[in-house]
Amino acid sequence: MKRSFDRAPAELRPVRLQRKYTRHAEGSVLVEVGHTQVLCTASVEEKVPPFLKGKGRGWVTAEYGMLPRATHTRGAREAASGKQSGRTQEIQRLIGRSLRAVTDVSKMGERQVTIDCDVLQADGGTRCAAITGSMVALADAFAWMRAQGLITVDPIRDFVAAVSVGIVEGTPVLDLDYAEDSACGTDMNVVMTG
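Per this note's numbering, residue -2 is the first one in the sequence shown, and the count goes up by one each step.
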(Lines of atoms letter the chains of each structure in order from A and count residues from 1; the text may use other names and numbers.)
(Lines give C-alpha, C1' and ligand atoms only; values in the text may rest on other atoms or scores of the structure.)
Protein backbone atom coordinates (compact mmCIF):
# COMPACT_ATOMS: atom_id res chain seq x y z
CA MET A 1 0.00 0.00 0.00
CA LYS A 2 1.41 3.38 -1.08
CA ARG A 3 0.70 6.23 1.34
CA SER A 4 0.96 9.98 0.86
CA PHE A 5 4.36 11.40 1.81
CA ASP A 6 5.78 7.84 1.46
CA ARG A 7 4.71 7.08 5.03
CA ALA A 8 4.90 3.83 6.94
CA PRO A 9 1.55 2.57 8.30
CA ALA A 10 2.23 4.00 11.78
CA GLU A 11 3.62 7.33 10.55
CA LEU A 12 1.99 10.76 10.80
CA ARG A 13 1.81 13.18 7.90
CA PRO A 14 4.03 16.26 8.28
CA VAL A 15 2.53 18.55 10.95
CA ARG A 16 3.10 22.30 11.06
CA LEU A 17 1.57 24.87 13.42
CA GLN A 18 1.91 28.61 12.77
CA ARG A 19 0.94 30.61 15.85
CA LYS A 20 -0.31 34.21 15.82
CA TYR A 21 -1.55 33.63 12.29
CA THR A 22 -4.18 36.38 12.39
CA ARG A 23 -3.89 39.85 13.85
CA HIS A 24 -7.09 40.36 15.85
CA ALA A 25 -7.86 37.08 17.62
CA GLU A 26 -6.47 36.56 21.13
CA GLY A 27 -5.15 33.20 19.94
CA SER A 28 -4.77 31.97 16.37
CA VAL A 29 -3.08 29.03 14.70
CA LEU A 30 -2.87 27.71 11.17
CA VAL A 31 -2.45 23.96 11.54
CA GLU A 32 -1.30 21.89 8.58
CA VAL A 33 -1.42 18.10 8.65
CA GLY A 34 -0.18 16.94 5.28
CA HIS A 35 -2.36 18.80 2.77
CA THR A 36 -5.12 19.53 5.32
CA GLN A 37 -5.14 23.14 6.53
CA VAL A 38 -7.33 24.47 9.35
CA LEU A 39 -7.33 28.01 10.72
CA CYS A 40 -8.19 28.04 14.44
CA THR A 41 -8.93 31.38 16.10
CA ALA A 42 -9.72 31.87 19.79
CA SER A 43 -11.88 34.84 20.80
CA VAL A 44 -12.24 35.93 24.42
CA GLU A 45 -15.70 37.29 25.19
CA GLU A 46 -17.01 38.92 28.36
CA LYS A 47 -20.06 36.66 28.50
CA VAL A 48 -21.10 33.12 29.33
CA PRO A 49 -24.04 30.97 28.25
CA PRO A 50 -27.27 31.66 30.21
CA PHE A 51 -26.92 28.49 32.31
CA LEU A 52 -23.60 29.81 33.72
CA LYS A 53 -24.62 33.41 34.53
CA GLY A 54 -23.79 34.30 38.12
CA LYS A 55 -21.85 31.07 38.73
CA GLY A 56 -18.37 32.64 38.50
CA ARG A 57 -17.21 30.12 35.89
CA GLY A 58 -16.24 30.41 32.26
CA TRP A 59 -16.92 28.34 29.17
CA VAL A 60 -15.02 27.09 26.14
CA THR A 61 -16.93 26.33 22.95
CA ALA A 62 -16.12 25.75 19.30
CA GLU A 63 -17.52 26.37 15.85
CA TYR A 64 -16.41 24.48 12.75
CA GLY A 65 -16.89 25.04 9.05
CA MET A 66 -15.35 24.33 5.69
CA LEU A 67 -14.68 26.88 2.99
CA PRO A 68 -16.72 26.07 -0.11
CA ARG A 69 -13.67 24.97 -2.10
CA ALA A 70 -11.81 23.20 0.70
CA THR A 71 -12.49 19.95 -1.17
CA HIS A 72 -12.11 18.72 -4.76
CA THR A 73 -15.47 20.20 -5.75
CA ARG A 74 -17.22 23.28 -4.42
CA GLY A 75 -19.68 22.68 -1.60
CA ALA A 76 -22.38 25.15 -0.64
CA ARG A 77 -21.88 27.21 2.49
CA GLU A 78 -24.03 25.83 5.29
CA ALA A 79 -25.09 29.37 6.17
CA ALA A 80 -26.76 29.60 2.76
CA SER A 81 -29.09 26.73 3.68
CA GLY A 82 -29.86 28.26 7.06
CA LYS A 83 -28.82 25.24 9.13
CA GLN A 84 -25.79 23.19 10.00
CA SER A 85 -25.41 19.56 9.04
CA GLY A 86 -25.37 16.87 11.68
CA ARG A 87 -21.71 16.27 10.83
CA THR A 88 -20.81 19.89 11.56
CA GLN A 89 -22.69 19.88 14.86
CA GLU A 90 -21.00 16.63 15.90
CA ILE A 91 -17.54 18.02 15.09
CA GLN A 92 -18.21 21.26 16.99
CA ARG A 93 -19.30 19.30 20.06
CA LEU A 94 -16.22 17.06 19.83
CA ILE A 95 -13.85 20.04 19.66
CA GLY A 96 -15.57 21.87 22.51
CA ARG A 97 -15.70 18.83 24.78
CA SER A 98 -12.07 17.98 24.06
CA LEU A 99 -10.97 21.48 25.09
CA ARG A 100 -13.21 21.66 28.17
CA ALA A 101 -11.77 18.33 29.33
CA VAL A 102 -8.38 20.02 29.82
CA THR A 103 -9.62 23.42 31.03
CA ASP A 104 -10.43 24.43 34.60
CA VAL A 105 -13.33 26.74 33.73
CA SER A 106 -13.51 27.93 37.37
CA LYS A 107 -10.27 29.86 36.75
CA MET A 108 -11.62 31.80 33.74
CA GLY A 109 -14.03 34.15 35.50
CA GLU A 110 -17.35 34.67 33.73
CA ARG A 111 -15.84 34.68 30.26
CA GLN A 112 -16.25 32.54 27.20
CA VAL A 113 -13.57 31.53 24.74
CA THR A 114 -14.98 30.63 21.34
CA ILE A 115 -12.71 28.72 19.01
CA ASP A 116 -13.57 29.12 15.32
CA CYS A 117 -12.16 26.31 13.17
CA ASP A 118 -12.25 27.06 9.46
CA VAL A 119 -11.07 24.34 7.10
CA LEU A 120 -9.15 26.01 4.28
CA GLN A 121 -8.14 22.77 2.57
CA ALA A 122 -9.39 19.27 3.37
CA ASP A 123 -7.42 16.09 2.78
CA GLY A 124 -8.67 13.95 5.66
CA GLY A 125 -8.37 14.43 9.40
CA THR A 126 -9.95 17.89 9.54
CA ARG A 127 -11.58 17.38 12.96
CA CYS A 128 -8.35 15.99 14.40
CA ALA A 129 -6.35 18.90 13.01
CA ALA A 130 -8.98 21.29 14.38
CA ILE A 131 -8.67 19.84 17.90
CA THR A 132 -4.88 20.01 17.84
CA GLY A 133 -4.79 23.56 16.45
CA SER A 134 -7.55 24.71 18.81
CA MET A 135 -5.55 23.57 21.82
CA VAL A 136 -2.67 25.84 20.83
CA ALA A 137 -5.00 28.75 20.02
CA LEU A 138 -6.71 28.31 23.41
CA ALA A 139 -3.37 28.26 25.23
CA ASP A 140 -2.38 31.50 23.48
CA ALA A 141 -5.74 33.09 24.37
CA PHE A 142 -5.24 32.20 28.04
CA ALA A 143 -1.70 33.64 27.90
CA TRP A 144 -3.22 36.85 26.49
CA MET A 145 -5.80 36.90 29.32
CA ARG A 146 -3.02 36.58 31.91
CA ALA A 147 -1.00 39.37 30.27
CA GLN A 148 -4.10 41.60 30.37
CA GLY A 149 -4.68 40.83 34.06
CA LEU A 150 -8.03 39.15 33.36
CA ILE A 151 -6.93 35.93 35.07
CA THR A 152 -4.10 35.18 37.48
CA VAL A 153 -3.50 31.48 36.80
CA ASP A 154 -3.52 29.41 33.64
CA PRO A 155 -6.80 27.45 33.38
CA ILE A 156 -5.16 24.70 31.30
CA ARG A 157 -4.85 21.46 33.31
CA ASP A 158 -3.40 19.36 30.49
CA PHE A 159 -2.93 19.41 26.73
CA VAL A 160 -4.96 17.57 24.12
CA ALA A 161 -4.33 16.48 20.53
CA ALA A 162 -6.08 14.16 18.09
CA VAL A 163 -5.31 11.76 15.26
CA SER A 164 -7.26 9.28 13.17
CA VAL A 165 -6.60 5.56 12.95
CA GLY A 166 -8.15 3.01 10.62
CA ILE A 167 -7.81 -0.16 8.62
CA VAL A 168 -7.02 0.31 4.94
CA GLU A 169 -6.66 -2.73 2.68
CA GLY A 170 -6.39 -4.89 5.79
CA THR A 171 -3.55 -2.82 7.26
CA PRO A 172 -3.92 -0.74 10.45
CA VAL A 173 -2.80 2.83 9.65
CA LEU A 174 -2.30 6.08 11.53
CA ASP A 175 -3.43 9.53 10.33
CA LEU A 176 -5.64 8.76 7.33
CA ASP A 177 -5.68 11.17 4.39
CA TYR A 178 -8.81 11.60 2.25
CA ALA A 179 -8.05 8.72 -0.13
CA GLU A 180 -7.45 6.36 2.79
CA ASP A 181 -10.48 7.59 4.71
CA SER A 182 -12.69 7.03 1.66
CA ALA A 183 -11.41 3.47 1.14
CA CYS A 184 -11.00 2.25 4.71
CA GLY A 185 -12.95 -0.58 6.24
CA THR A 186 -13.18 1.21 9.57
CA ASP A 187 -11.71 4.30 11.19
CA MET A 188 -11.95 6.38 14.34
CA ASN A 189 -10.59 9.52 15.88
CA VAL A 190 -8.40 9.29 18.97
CA VAL A 191 -8.30 12.33 21.26
CA MET A 192 -5.74 12.14 24.05
CA THR A 193 -4.26 14.27 26.79
CA GLY A 194 -0.68 14.38 27.94
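Please note that a few of the clues may not be correct.
[To be verified] In the SDA-like style, the derived pairs of lysine to any residue whose C-alpha atoms are separated by at most 25 Å in a straight line are: (1) K17 with L64; (2) K(-1) with T168; (3) K(-1) with G163; (4) K44 with R20; (5) K17 with V160; (6) K50 with S1; (7) K17 with T168; (8) K104 with L117; (9) K17 with F156; (10) K17 with G146; (11) K44 with T19; (12) K17 with G163; (13) K104 with G163; (14) K50 with S40; (15) K52 with Q109; (16) K17 with L117.
[Stated by the list, open to error] Listed next, with one range per pair, are the computed distances between beta-carbon atoms: (17) R97 with Q118: 24 to 34 Å; (18) R13 with G146: 28 to 38 Å; (19) R16 with G146: 30 to 40 Å.
No wet-lab data here; the hints were simulated from the structure. Everything numeric in this text was worked out from a predicted model, so none of it was measured. Note that CB positions come from ideal geometry on N, CA and C, so glycine has one too.
*Out of the numbered hints, which ones does the structure contradict?*
6, 7, 8, 12, 13 and 19
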